[in-house]
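There are 6 protein chains.
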Amino acid sequence: MFIHNKKLQYTVRVSEPNPVLASLMLEQFGGPQGELAAAMRYFTQGLAEDDPGRKDMLLDIATEELSHLEIIGSIVCMLNKGVKAQLAEASMTEAELYRSITAGGDSHTQSILYGGAPALTNSSGVPWTAAYVDSIGDPTCDLRSNIAAESRAKIVYERLINVTDDPGIKEALGFLMTREIAHQKSFEKALYSIEDNFPTGKLPGVAQFADLYVNTSQGPGDTTGPWNTGEQWTKLDDVEGNLPLDGGDGLASVKLGAADKKATVALDKRLKSDLKGDPITGADLGAGPGAGKTTPVPVS
Amino acid sequence: MFIHNKKLQYTVRVSEPNPVLASLMLEQFGGPQGELAAAMRYFTQGLAEDDPGRKDMLLDIATEELSHLEIIGSIVCMLNKGVKAQLAEASMTEAELYRSITAGGDSHTQSILYGGAPALTNSSGVPWTAAYVDSIGDPTCDLRSNIAAESRAKIVYERLINVTDDPGIKEALGFLMTREIAHQKSFEKALYSIEDNFPTGKLPGVAQFADLYVNTSQGPGDTTGPWNTGEQWTKLDDVEGNLPLDGGDGLASVKLGAADKKATVALDKRLKSDLKGDPITGADLGAGPGAGKTTPVPVS
Amino acid sequence: MFIHNKKLQYTVRVSEPNPVLASLMLEQFGGPQGELAAAMRYFTQGLAEDDPGRKDMLLDIATEELSHLEIIGSIVCMLNKGVKAQLAEASMTEAELYRSITAGGDSHTQSILYGGAPALTNSSGVPWTAAYVDSIGDPTCDLRSNIAAESRAKIVYERLINVTDDPGIKEALGFLMTREIAHQKSFEKALYSIEDNFPTGKLPGVAQFADLYVNTSQGPGDTTGPWNTGEQWTKLDDVEGNLPLDGGDGLASVKLGAADKKATVALDKRLKSDLKGDPITGADLGAGPGAGKTTPVPVS
Amino acid sequence: MFIHNKKLQYTVRVSEPNPVLASLMLEQFGGPQGELAAAMRYFTQGLAEDDPGRKDMLLDIATEELSHLEIIGSIVCMLNKGVKAQLAEASMTEAELYRSITAGGDSHTQSILYGGAPALTNSSGVPWTAAYVDSIGDPTCDLRSNIAAESRAKIVYERLINVTDDPGIKEALGFLMTREIAHQKSFEKALYSIEDNFPTGKLPGVAQFADLYVNTSQGPGDTTGPWNTGEQWTKLDDVEGNLPLDGGDGLASVKLGAADKKATVALDKRLKSDLKGDPITGADLGAGPGAGKTTPVPVS
Amino acid sequence: MFIHNKKLQYTVRVSEPNPVLASLMLEQFGGPQGELAAAMRYFTQGLAEDDPGRKDMLLDIATEELSHLEIIGSIVCMLNKGVKAQLAEASMTEAELYRSITAGGDSHTQSILYGGAPALTNSSGVPWTAAYVDSIGDPTCDLRSNIAAESRAKIVYERLINVTDDPGIKEALGFLMTREIAHQKSFEKALYSIEDNFPTGKLPGVAQFADLYVNTSQGPGDTTGPWNTGEQWTKLDDVEGNLPLDGGDGLASVKLGAADKKATVALDKRLKSDLKGDPITGADLGAGPGAGKTTPVPVS
Amino acid sequence: MFIHNKKLQYTVRVSEPNPVLASLMLEQFGGPQGELAAAMRYFTQGLAEDDPGRKDMLLDIATEELSHLEIIGSIVCMLNKGVKAQLAEASMTEAELYRSITAGGDSHTQSILYGGAPALTNSSGVPWTAAYVDSIGDPTCDLRSNIAAESRAKIVYERLINVTDDPGIKEALGFLMTREIAHQKSFEKALYSIEDNFPTGKLPGVAQFADLYVNTSQGPGDTTGPWNTGEQWTKLDDVEGNLPLDGGDGLASVKLGAADKKATVALDKRLKSDLKGDPITGADLGAGPGAGKTTPVPVS
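Protein chains in written order, with numbering that gives the first Met the number 0: chain A, 0 to 299; chain B, 0 to 299; chain C, 0 to 299; chain D, 0 to 299; chain E, 0 to 299; chain F, 0 to 299.
Keep in mind the hints are simulated off the structure, nothing from the lab.
Fair warning: this is a prediction, and the values are worked out from it, not measured in the lab.
Hints are not guaranteed to be accurate.
Since the list gives no way to pick one copy over another, a pair counts as held whenever it fits inside one copy or between any two copies.
Straight-line Cα separation of at most 20 Å, PhoX-like style, residue types lysine-lysine; simulated pairs [said to hold, decoys possible]:
1. Lys261 - Lys271
2. Lys275 - Lys54
3. Lys260 - Lys201
4. Lys261 - Lys201
5. Lys268 - Lys201
6. Lys268 - Lys169
7. Lys260 - Lys271
8. Lys54 - Lys6
9. Lys268 - Lys6
10. Lys169 - Lys201
11. Lys6 - Lys271
12. Lys234 - Lys169
13. Lys6 - Lys201
14. Lys6 - Lys275
Given these sequences and hints, build the entire structure.
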């Protein structure tokens, strides 16, 4: 069960209201790399986890991420505190209010639709979706996903720190950014505490394809590096000449029963293309005097 | 530029049509861990990448993933080939067609809406969304995301292999699963070819919070492990007693100008709660004779 | 800040695994009327609330809803515990596993994609979205929204109780359902503790339209009731005869400057319809020998 | 069946084009509190309603909301009429057109993608989704949802009125805002015309939990009010000391059959964490010379 | 303004309840090819249209599509009428109710979440989204989109007719299907009433690329037809040998100012790949004794 | 299988970075009319197509559209190259960076969240969704959809050309726009190569409704044109007087079994409206001294 204390994990001191900056901060509130995504990622993993150590760790970190959601949401509230009241009380002229909500970012929607309250959207106003949560119920995968997620959240905080000079906000964001580093370390420890975590799952790969590198992109800039060259790798450069890799005909086939076969033949016949004709088309009907239209775009 | 050869990278041989199995296979076509997500993840990273080696690798693997999208899509087509023609030609009775499209999975939508063609949805019919792609334009993060993504895709293929006994499908899925293992290896090599890749970004963390573990979930099952104990870690157990971590008051504040302050006071006053009263409510009005309703649920 | 105790608010005792029932239960985990929606609704309102009493209440209830999310998620985990392990270990034949994951509901996606872990989707596999949260930053509205949301959640629990005979699940769901009733009562008290809460906001309505009932749907079944008849109401029956309600011409107009006017005239001229002709169309080209097609559908 | 008259319910007179203001107005066209959401909410309820009085009322109001969708859409068209023609005819220089579509709001997307026609998006360009419609097929809930929805729509109109000084737009918005007040009154009458509407549904709550208030958020600002104090309420302050509320062990359990048990044991063993080790991790590999990185963020 | 008559445009007579069939019918209620999509497509186009003839036609057809939404929604209501009442009144045993809502399709969600009322989802429970509406504010495009949309809706109705043998439903669906044919004819007439409608817009194409066919997919099955062969077409077979088509270097470049150049150099240097090394990776750490894992998948 | 050459199909030369323009260009990268939508539309159709000629054409054009996705993505990368490096390296002051990312469009999200890499969103930051792809597995429909899609894409390119004066971008966009024209021509040829393509499908329409035009929108502006007048059409003007069109009662009905009937009666009775009363409502409780509120809005 969750309990709550109205003190924040870190004090938030904002110098002055700024609804545009508020709308940028939403990236870590309701954005894909934000704190709700982090909290829900670890919380749902924790519920499903049977290993007691990992379960405890996941619930620890999930709970802390919820507390970070509270911090970033509080920053948004403080930055919006002026515009929220001004718009609700109509204590400025219409022209002043119009200007104050269309000064940049997506603060117009945050004011008109959400009334300055922190909305679970990203900085473009896109509502948070659980499609951001990539957990699949296997800890050797989920821990890798968590490691990656923490590294991404760290960078988004760094970018937000780089665009504000409000010292109180910088300090709180610096705290939040640092905690992502610490969480990444914990998840790394947890991943490598599972013996034999690569490849994931129980099924081994097919030997002949597991160390093959297929050089599908060629032309200028073809490069070798440790990801395709060295003792481990077999590199396939003549891709088209080796199609398919299994030695078959490279086609897709299915064995149909008689009824399916009959229906398929009927369908194909009904919708057959006439390859020989040159039919008049709707575009021909519509081209009208515009036939002469196809002249070069004046590209200045 | 992309070029295409109508031979598949791996031959697809399906034993018999099965629209329910087709709808499960969609998970790797238009699902979050599927091949479109993989291809788009690496392709967009490749476009933005300035490092020539990584750019080449990302475009190599993106192109191969598109080719895998083609393989899994071809499996779906073969499995749907019967129902597609039967429904289009109405060559069965209505009752037979009704049964054949409501036999399980989400094959009903695949037949009625998409006509048996492979749709870019997951196995529940949810349309693919770019919200699945978590790239953020920083290679030390994106490579970690790719490593995690490959490990997830490997497992979803393993699950699909475990639920079908069609040998041709098993073989093609085994090939696709193996390639995810190979790709993970390449991305691992690429990550560790960047010197000093942890923590990501340029900004260091705040020293006092970077090795701190906050034990926010307590009660039965509290556990120690390498993620919270050992030389590196400081573990904080008395969480509430140490609020906030910065020594401030733990509250959120903002400095408001005079006009904002005035509007805020007016707004707060207008919407003030009366803490002392006990108002009659809409629920009171609606409770009617149902006041006696609140008796225990008969829980058998 | 949030703290967590690994004891649940209510003990969960499940009689036997059932992945189909698990997929139904997701409605209250990641569905629109579920516990995440409730928790996020109250949590974001609480952050933005300035009134100390309401802020405290919103955070109390938000925290309890998170704890309910944990309960319903735990039920899902228990119901999926068998299929999760069977699929991961492949300890049944393919045919048995195929049957066990396609037995109904959307359990196929829950198994293949999410591995039996509780996913933040509804019972059709649709990912949770913040579009479900309708808070707008005004307490007289948000409390009404909360009252409605609690009443809806109560009913969805009642429906789930009605479709399961597992006594432990029934008991836990009965607890959760009851708490929605209690929360509705609290929100009702809070709404009516704000004096003068109707109409919401500061701007009064336009007198002549505030008590008008427009009888736009006529024909069989036209009815009167307290919502359109009685002392308060003016009922308008001749809708078309009174268009528009303001006495103007009922059209939309804008004053354009010269440049806009010129561009508009050019655009209109370029795309003008010829009302007199009877052009040959693409459909005419395509109708071919199918002209005779338009005969009655045999409707049996 | 619906019929249409090309006269609007209220005349729309716009003073001058303004694509930024147009993009704000979209909030009530394709936004969550807008007219399409309202119309669809009442229309779908009306179809399912068996009570003749409520069915008639719902169809009356649904039809009027469609007519309001037409009014707000007409305002958008008038505000976009200049930019639409200018962009289509390219009758300004590129630099002028660029400036005119990037002046604020999300008017850039409205011009480039939708060509100045009214799109069913909110003011951030987010497409309308039926996830906004919270109807659940129970009138005691749905009427509460409608009451709340009308109160929210009223406020969003008030905010839009506050940010424009165009008298014709203000007047039309004032009409639309007032109609939301009238509709709320109708829905209130309809709710209270159902005897015994609280709690909703047939199942009563569990007596011991129906009047309990759980004080989960404590610390500074803990407050009492009519929502947790008074004759009706039992208030629980020692939350952790009373876990779980049912007197059980507070854990989640399920009875597994032998096969499930065996698979679960195998799975747990395969993925067991080693709690004693201190493994080298990927982060250790990547930290490189950056070990010295963890120094305080310069927070200015 | 819209007016409504409670008579349907076509009488709906359903033989018996069937919630699974109801969930299939939703495809034309809240699915991408359904009636809401059609109505909104034409309604929003009609609002923006300046040409009086087309405006009138669009509003005529939009209004009729709303009336069709009412018909298909009424079919859904009738098919759900039994399960709706049974679930609300709990007048069957839990086991019977469980079976009745998990018999196929996505009827489980329609019952549990929506209570049997018609929800604006497709047959997989995916909420309707305005992303289905492809109008772009240009009639020569929008009319083509409408023609295509009507042809698609016709086919989805045909598929639904093919899977039900209820004569009343077949008859109503046959009516709806036929109206799509009639609407397609009207839109065709309207498109070809605009002189010079191809290519759309004002800008002509670049002559050298407007009649070029690029044969990017080669290998088995390369075919010629009227779309790439004949008087009009130039066919390019040696695609790679002619890269790029403009005679340049085929690369992307931008001129950077000094500050941008300096930052770019610093960024590239910081994240440079070491192409020569063969770093130990996280996968190496995790491979453990599983090195022997890479053996062939037992494929049957 | 796909192969890739790192040369673009058309050289991209950008004059100078401009993140706002980059965010507009995204419309054709991850927007509904953009290149990913085009590529996926044709690729999935091509996989399902049995006709060899059409299959080849669809794969040709799909592959070219992927190559166009690469071109437009490269333009975005070049336009973002400055801001990407500046933000990553923090080589400007916070105030300068803040200004550079909030200058218009949705470039703030593109910088903060995506780090200047091309994201699969539209110009408002809305993630790409497969809901944009309207293929339904019938070539006579899908080709019409493709024709419409190409015409839309052409116009969006034209609009983008109209808002930029960068000659290199104009030239590349001119190439891409022209290719849409060429593709439309190919799809037109393919549609009319199918004999008897209208109406689509096998089922004919019901004769009496196939040539009927229903004049549902009346009032000012009622117009005749070739879409409702002429030899082919029967025009119905008295819509309400002819309800329903089938001569029945215009109502929806279903035959219920005894158990369903009994449950329905119980449900209706439980939720019956009292049409005679005039109940006190929640709004009455809340109106308080605000009764005097309903006075005209001051509309200036």
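To see whether the hints hold, each was checked on the structure:
no., hint, result
1, Lys261 - Lys271, "within (15 Å within a copy, 49 Å between copies)"
2, Lys275 - Lys54, "between (67 Å within a copy, 16 Å between copies)"
3, Lys260 - Lys201, "between (39 Å within a copy, 18 Å between copies)"
4, Lys261 - Lys201, "between (42 Å within a copy, 16 Å between copies)"
5, Lys268 - Lys201, "between (47 Å within a copy, 12 Å between copies)"
6, Lys268 - Lys169, "neither (68 Å within a copy, 27 Å between copies)"
7, Lys260 - Lys271, "within (16 Å within a copy, 50 Å between copies)"
8, Lys54 - Lys6, "between (26 Å within a copy, 13 Å between copies)"
9, Lys268 - Lys6, "neither (73 Å within a copy, 24 Å between copies)"
10, Lys169 - Lys201, "between (46 Å within a copy, 15 Å between copies)"
11, Lys6 - Lys271, "neither (71 Å within a copy, 22 Å between copies)"
12, Lys234 - Lys169, "neither (48 Å within a copy, 25 Å between copies)"
13, Lys6 - Lys201, "neither (46 Å within a copy, 31 Å between copies)"
14, Lys6 - Lys275, "neither (78 Å within a copy, 25 Å between copies)"
Checked against the numbered hints given earlier, this structure breaks hints 6, 9, 11, 12, 13, 14; the rest are met.
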